[in-house]
Every structure is written in structure tokens, then in C-alpha cells.
Amino acid sequence: MRRLLLRAVGAEEEVEEEEGWHQLYPSHIPTSPLQKALLAAGSAVMALYDPYRHDMVAVLGETTGCLALPNLRDKMKHHPEGYRILQERPCIRLSTLDMSRLRGLPDGSLGREYVRFLEDNKVSPDTRMPPKFVDDEELAYVIQRYREVHDLMHTLLGMPTNMLGEVVVKWFEAVQTGLPMCVLGAAFGPVRLSARKLQVLATELVPWAIRSGLNASCILNVYYEQRWEQPVESLREEIGIFPPPAVRM
Amino acid sequence: MAAVRLCRCRCRALLSRVPGAPRALRGLAAGPEVHFGFQSVTEEDRREKIYQVFESVAKKYDVMNDSMTLGIHRVWKDILVHKMNPSPGTLLLDVAGGTGDIAFRFINYVRAVRERQLQRKLKHHQNLSWQEIFENYQEDKSDSLGDSQVVVCDINREMLKVGKQKAQHLGYSKGLSWVLGNAEELPFDDDMFDVYTIAFGIRNVTRIDLALEEAYRVLKPGGRFLCLEFSHVSNPLLSRLYDLYSFQVIPVLGEVIAGDWKSYQYLVESIRRFPPQEELKAMIEDAGFFKVDYENLNFGIVAIHSGFKL
Numbered sequence: 009m010r011r012l013l014l015r016a017v018g019a020e021e022e023v024e025e026e027e028g029w030h031q032l033y034p035s036h037i038p039t040s041p042l043q044k045a046l047l048a049a050g051s052a053v054m055a056l057y058d059p060y061r062h063d064m065v066a067v068l069g070e071t072t073g074c075l076a077l078p079n080l081r082d083k084m085k086h087h088p089e090g091y092r093i094l095q096e097r098p099c100i101r102l103s104t105l106d107m108s109r110l111r112g113l114p115d116g117s118l119g120r121e122y123v124r125f126l127e128d129n130k131v132s133p134d135t136r137m138p139p140k141f142v143d144d145e146e147l148a149y150v151i152q153r154y155r156e157v158h159d160l161m162h163t164l165l166g167m168p169t170n171m172l173g174e175v176v177v178k179w180f181e182a183v184q185t186g187l188p189m190c191v192l193g194a195a196f197g198p199v200r201l202s203a204r205k206l207q208v209l210a211t212e213l214v215p216w217a218i219r220s221g222l223n224a225s226c227i228l229n230v231y232y233e234q235r236w237e238q239p240v241e242s243l244r245e246e247i248g249i250f251p252p253p254a255v256r257m
Numbered sequence: 380m381a382a383v384r385l386c387r388c389r390c391r392a393l394l395s396r397v398p399g400a401p402r403a404l405r406g407l408a409a410g411p412e413v414h415f416g417f418q419s420v421t422e423e424d425r426r427e428k429i430y431q432v433f434e435s436v437a438k439k440y441d442v443m444n445d446s447m448t449l450g451i452h453r454v455w456k457d458i459l460v461h462k463m464n465p466s467p468g469t470l471l472l473d474v475a476g477g478t479g480d481i482a483f484r485f486i487n488y489v490r491a492v493r494e495r496q497l498q499r500k501l502k503h504h505q506n507l508s509w510q511e512i513f514e515n516y517q518e519d520k521s522d523s524l525g526d527s528q529v530v531v532c533d534i535n536r537e538m539l540k541v542g543k544q545k546a547q548h549l550g551y552s553k554g555l556s557w558v559l560g561n562a563e564e565l566p567f568d569d570d571m572f573d574v575y576t577i578a579f580g581i582r583n584v585t586r587i588d589l590a591l592e593e594a595y596r597v598l599k600p601g602g603r604f605l606c607l608e609f610s611h612v613s614n615p616l617l618s619r620l621y622d623l624y625s626f627q628v629i630p631v632l633g634e635v636i637a638g639d640w641k642s643y644q645y646l647v648e649s650i651r652r653f654p655p656q657e658e659l660k661a662m663i664e665d666a667g668f669f670k671v672d673y674e675n676l677n678f679g680i681v682a683i684h685s686g687f688k689l
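Sequence lines, in order, name chains X and Z. Start counting the first sequence at 9; every next residue gets the next number (our numbering). Start counting the second sequence at 380; every next residue gets the next number (our numbering).
Some hints here could point you the wrong way.
Quick list of the computed label-pair ranges, beta carbon to beta carbon [what the hints assert, rightly or not]:
1) Val-53/X / Arg-499/Z: 50 to 56 Å
2) Tyr-57/X / Arg-536/Z: 51 to 57 Å
3) Lys-553/Z / His-30/X: 50 to 56 Å
4) Asp-115/X / Gln-418/Z: 52 to 58 Å
5) Ile-451/Z / Pro-41/X: 39 to 45 Å
6) Asp-134/X / Glu-422/Z: 34 to 40 Å
7) Leu-620/Z / Asp-128/X: 38 to 44 Å
8) Glu-412/Z / Gly-112/X: 53 to 59 Å
9) Asp-82/X / Arg-536/Z: 36 to 42 Å
Hints were generated in silico from the structure; no laboratory data involved. From a predicted model like this one, the values you see are computed outputs, not experimental measurements. Glycine residues also receive a C-beta, built at the ideal position from the N, C-alpha and C atoms.
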């Protein structure tokens, strides 16, 4: 309590000398509960106001994930593949991916389709924000892994990165992870969609996303980096994701 | 305990400099130790870090000022210019003037004074012919500022860039010039300016004594030094509330509005590190200024220090 009060009024040095409340990982910014609450509220408003502020979506996820993240970490710990991921801490970066090898893989394989997704949508795995406000080093890795796996979700679910595709992926992730940020994104994302898209969303895409999300095993328990050669359809079946409905996105 | 990398790969993008570690490796500190917020760094490092802070915040500087102070900073700046009470023909140097807030207010003030002067002059010329009045009006109109000029000097290119764009957008062009320069070593001759102002800038200067000496040097005899800066709140209850707001809310505003927590954390820490009113007064006197005085605004959250070169 005293530590919180000291920190609240800016007596940083006293706090640090006392207990060493310092950075747990390079991008870590320690925050008080009040600051986290303000951040959560502020980032939610800003993310709705300006959907291009992806950093705000990330901050919202970090500040509201205090229940869901330990849950996810435990799911990973109790699964052999998930446990290995927690131990080995792989990360998906352009510097660690052998892009030419992945491009050379047969069509329909995870690696080939992932690269196709990156090129079609002109995105890169390196633009993910590092975690800042998670006060546990292992949970910070879990949320980072979730962010990196998000692009692979697009590939596995066959969803593009337009607003509609993102909302569908958020529904799936909300069911899978229980992260409040996903739930909020799934609930509020559709406000910016046209009537036609909303109809497709409500009648076909969301029911499918929910069914798949409930049926599938935990998506963080898959060591994707060791499965680039596996065909997407086979991986879908293994995880338990139903084939996507044939609609125009 | 050293900060642990989150994942086992060369993720350079993730790594930010952990304070303290590189210095230890270097062995010898390169220069005397000064403060950067609550951290301890060398003078050289401090100048570089502060440059980077303002480079990063430049575009959102005005928006953030409005959000953090709920618009009250505009009143503080108005009070500064009113205290200055410039008359047409004044030559002002606004140091660390970045986005031009003081400069634009100065121009507005002088323009208003000039208009009142012209109106009074016209009132006295009641028995002139229409032709003479017209001629008078023409020659005065081209001199709406009455030879007043303001030079905005800032060490940071990004801030000057934002200032110039703002000036263009708001239509300020006459009597305004922009100079890249360091407050500790001004690129001007001695005895040049009538007034020297530094608003919310002196806190970021690494050697305040040098900046004050330079201010003394470039002012004409009879010139006035004015400094508007965050200062110390003596009232204990208010001080605690102010600290709470500063440390809990301001960095959050920085993150949400500007996507930059660290710069605003630096801001609130640097305010705490800055000398209080009496100490700054003594430093100004040491630089040679006379009749040094200060006025607290909002219980000391902000203070205006004033001095004269005689």
C-alpha cells in the first residue's frame, strides 16, 4: 500500500530502492492500478474514435487481460505443445522466418498460405506492438504470442484484413481466449459496417466463428513454426476449426 | 535484476535501452552527472534525450498541452504577454519558442495596441481633407505592427517546423522569423533585443546558468527577461493532489493521445527536478539581472520570473 501511495505521488526513487519495482522486460512500463484503469478507459474510447490506432487496441488488451491471461497461460502449461512453447519462447519475426523457403512450399500448406496472406494484405509480422503494461514477464510473452498468432488466425480462418474479416476473427478469438479486448472488439467492431455486411456477418460468419471457437482446442497450444509444411485443411481439422462459409468478403 | 528478453530470438525491435546498463559497461562516465527526470545521466546524454523527446512530441505538442492543462496554459501565456505589455517597435526574442504560442500572442497584442494608437491619431485629425486622411491611413496600414518584430529561436527542428506550419495556417508572416539555435549559446550579437522570453523551455535546458548568461548578453540595456515555467506548490494538500494528477493522469494522457508514455513521464519528473521559485530568482540575479521578481499563478503550479538588465 505504501509503495502504491509513494508511486502515486511520484516518489519513484524511494519505491525503486525499497523493492526494486522496475522493468521486468525491455518494453515494460510499471503502472499503478489507477493508471491501468485510466488506460483501459482511455484506450477503449480512443480505439473506437480512431480505429487506425492499433496501439490503443493493444493497450486495451493488456490492461484488461488480468483474468484471461493467467487462464491462457495455464491452458498452455497443461498441454505438451503449449508447455514447449512457453519454455522455448519462439517468436514470429521477419528475421526468424525463412521467407523464400515458405514461399517455395506447396500451395495449401500453412507456410505458403501464410506468406500469401502477408503479401496480399501487405502486412508484416514485425508491426506488432511489444507489451508494455503487463506486470508479469511470462504473461507478457503470452499476450505477445497471442498477437503474433493473430495473423495465422486470419490464414486458418480464411479471413482478409478488412473490417469484416477482423470482426470475424475477433469473435473467434473472444470465444477462444476470453480476452475482454476481443469481446469488446467483437461487440463494437460491427458498428462501422454496412447493412449488407452486417447481414452476412450475423447470419453466416458469426455463428460459424462461434461454433469453431467452441469446438477448437486452444490456438495458443499449436507450435506453428514447426508445422509450416502441414496443409491448412489438415491443421484446421486437427485444431477443430470448421471450413469457412463461402461468402464474398 | 536485469530485464529479461521475452523471446529467444534476435528481436532488436523489442529491445529498448535499459537505463544504467550501458554506462556501467563504459566504465568512465563521459562528463558530469545531471538529471533527466528521475534518472541520472551525463550532460551529453541529457541533451540528446531531450532533443528526442521534443522530436517525438512535436506534432501533438499543442493537443497535449490543451489536454493536460485543460486549456489553462493559454491563460498562462496570455498573462505573460500582458505582463510584458509590449509597445509597437519592440524587438522580442522568444527562446525555446517552438510552436510559436508566445510569438503569435505578441503579434496580436502589438497589433491591437497599434490599432488603438492609429484610431487615437485619426480622432485628432478632425479637420483634415479626405485626401490627407486617406494618405495617412494608407501609410499606417502598411505598418500594422509598428516595426515590432519577434524572433523565435528553438534548438529542435521538428518543433520549429510545426511552428512555421502553424504560422502559415493562421496567417502570421510579418515581423516573424524562425531561427535554429541553442539557449546556452545563442546565435545573436550582444545588446540586440528589448525583451527575452522563455516559456516552458528553461526546464529543458541542461545548463540553466549558461542560458541566463546568454539572455543577459543579448538583451539591450533596459531590456527585460521573462520566464514562464512550472514551479513548486507550497500548499501541502494542493501539492499532493497536483502530484497525484501529474503522475497518474498525465502519462496516461500521453499514451492515449500521443502514443508516447515516456515523454510525458519525463515531463512530470522534470518539473519536480526544476529549482523552486526562490532558487531560480537567485540564479537570475547571479546572471546580472536587477529587480528580479516572481509571480505565482495557480498557487505555484506555474510562476513568471522577471528581471531587468540595467
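Using the C-beta atoms of Lys-553/Z and His-30/X, is the stated range 50 to 56 Å upheld?
Roughly 53 Å apart at Cβ, these two residues keep to the hinted range, so it holds.
Verify the CB-CB distance for Ile-451/Z and Pro-41/X against the hinted window 39 to 45 Å.
Cβ of Ile-451/Z to Cβ of Pro-41/X: about 28 Å, so the range 39 to 45 Å is violated.
Confirm or reject the claim that Asp-115/X and Gln-418/Z have a C-beta distance inside 52 to 58 Å.
This hint holds: roughly 53 Å between Cβ atoms.
Outcome of range test on Cβ distance (Leu-620/Z, Asp-128/X; 38 to 44 Å):
Violated: the Cβ-Cβ distance is about 53 Å, outside 38 to 44 Å.
With 36 to 42 Å as the target window, see if Asp-82/X and Arg-536/Z comply at their CB atoms.
violated (51 Å)
Could you tell me whether the CB distance from Tyr-57/X to Arg-536/Z stays inside 51 to 57 Å?
The hint (51 to 57 Å, Cβ to Cβ) is violated, given that Tyr-57/X and Arg-536/Z are roughly 30 Å apart.
So the hint says 50 to 56 Å: do the beta-carbon atoms of Val-53/X and Arg-499/Z match that?
holds (52 Å)
Please test the hint of 34 to 40 Å on the beta carbon pair from Asp-134/X and Glu-422/Z.
holds (35 Å)
Given the hint of 53 to 59 Å, check if Glu-412/Z and Gly-112/X actually sit that far apart at their C-beta atoms.
holds (55 Å)
Consistency note: the structure conflicts with the earlier hints numbered 2, 5, 7, 9.
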